[in-house]
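Residue numbers (numbering that gives the first Met the number 0), protein chains in the order written: chain A, 0 to 166; chain B, 0 to 279.
Treat the hints with care, since some could be wrong.
[As the list claims (entries may be wrong)] With the C-beta cut set under 10 Å, the calculated list includes, among others, these residues of chain B facing chain A:
#	residue
1	L6
2	L17
3	E271
To be clear, the hints were calculated from the coordinates, so they are not data collected in a lab. These figures come from a predicted structure and were not determined experimentally. Just so it is clear, CB atoms sit at the ideal spot from N, CA and C, and this is done for glycine as well.
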Amino acid sequence: MDQAGDAKFEAFVLASWPRLRQAAYALTRDTHDAEDLLQGVLVRLYTRWGRLGPDDPTAYVRRMLVNSYIDSTRRRRRGREVPVAQPADVPSADANVVVADRDDLMGRLSVLSERERAMVVMRHYLDASEAEVARALGCSVGTVKSTCSRALHRLRIPMTATQEDQR
Amino acid sequence: MNDVHQLSDQLDRLDTGLPERPDVAAVVAAGRRRRRHRRLAVTAGLAVAAVALATPFAVAGLRTGATSEARVASDQPPAYVAPTAPPAGPAGAAFGTGVRAAVLNSVPDAVFVRETLADSFARANVDGTSVYDWAVHSPPTWSSLFSWQQDYTLPSGAALEVTSSWTPPVVTEMSPDFGRCDDGATVGSCDSSDVPGGRLLVEDGLQRGAPDKWYREVTLVDPSATRGMMPEVQVSASVHALSWEEAQTLLPAVADLTELAQNPALVLPAPETYPPFPQG
């Protein structure tokens, strides 16, 4: 990569960092795992920087992030969590969702499977389209819709909000 | 603000414990190690001129050998046997000669241009970005030599880059998907397969930012690792062309590059110690 490419890469990473950092943490719920995930993704992004397609690299990096996360969870054999059917101590579905602290939000996210969490983060935090999420995770748009709706329901987020938010 | 936006807002405010700014220099350093692209690495302290003088004789001998082998190829075992273990280190000056022989065997019309070694890292500043760049002592410190790259040109105008290296013992680079195709990342085709010597990645594509520059690249990596490091061989050809159809006529054949990448002569002996990053 030439110097201009390095400079563009740095500018992109600096601009993307806040969202990528938060997304990685939301996915892994662990500082060190998030750090490892981001390091791997950014190194791979750098190696591909000169050869990405004409599209904004944002789409590529968020796809790499969720795919690397899914891969890492497969490798760990999901030893750290056991998803439950319903969170025990979260506000009701009718209440305004106010997450007071990090533990509460992390607790909510932990009830989701890795795949559900990846879809929610990619779709509703990284602002990927449903089609993009479907391509990244190798499923249909319908599966993305139904999985995200189910996941948001389990997070106690009203479905109407997601329907209005469809793009 | 609707509820989904509220979720997004909450995620924005999470205290992740991660730094406010990424360590771009470390990312660039690791990326460079993987891409084998560097602009400040020092040409090896080997006697390049002496190698150049010896080249005509070496080439003549090697081509003769290659021709002889070709005549009896059908009765011979495969041209190479994938190694079950990397060669014992450390590397020495003879390694480069072996690589050149292998290159000339698979791509006979390749013309050697230069070689660049790396046995250490040095801080460098590139457009205001502080990076760890590859460097080499003179003479090279063989015990920590982790990369050996040779550049060639072809009569077609294509450039050929052959790099034998070891990835650093960093856990994040030991991902099982190392050497797998990145779906959507390549403007062109990509194929990965497991072979006896490791994992083989074959890519064709168009280089971003250079709309007329096409590349064909074959990478062999052994994810089984040695002391946390992986040997990697990358054979990359590139050429300027108006179309992929034209580029294909100018680039070496996939079969030739694949054969070259799998030649055991290209597996660099493992460094005894991987060089540390400079401090401060």
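Each hint, compared with the structure:
The beta carbon of L6 (chain B) comes within 6 Å of a beta carbon in chain A, closer than 10 Å, and the hint placing it at the interface holds. The interface hint given for L17 (chain B) holds, since its Cβ lies 5 Å from the closest Cβ of chain A, which is under the 10 Å cut-off. For E271 (chain B), the interface hint is violated, the least distance from its beta-carbon to any beta-carbon of chain A being 25 Å, above 10 Å.
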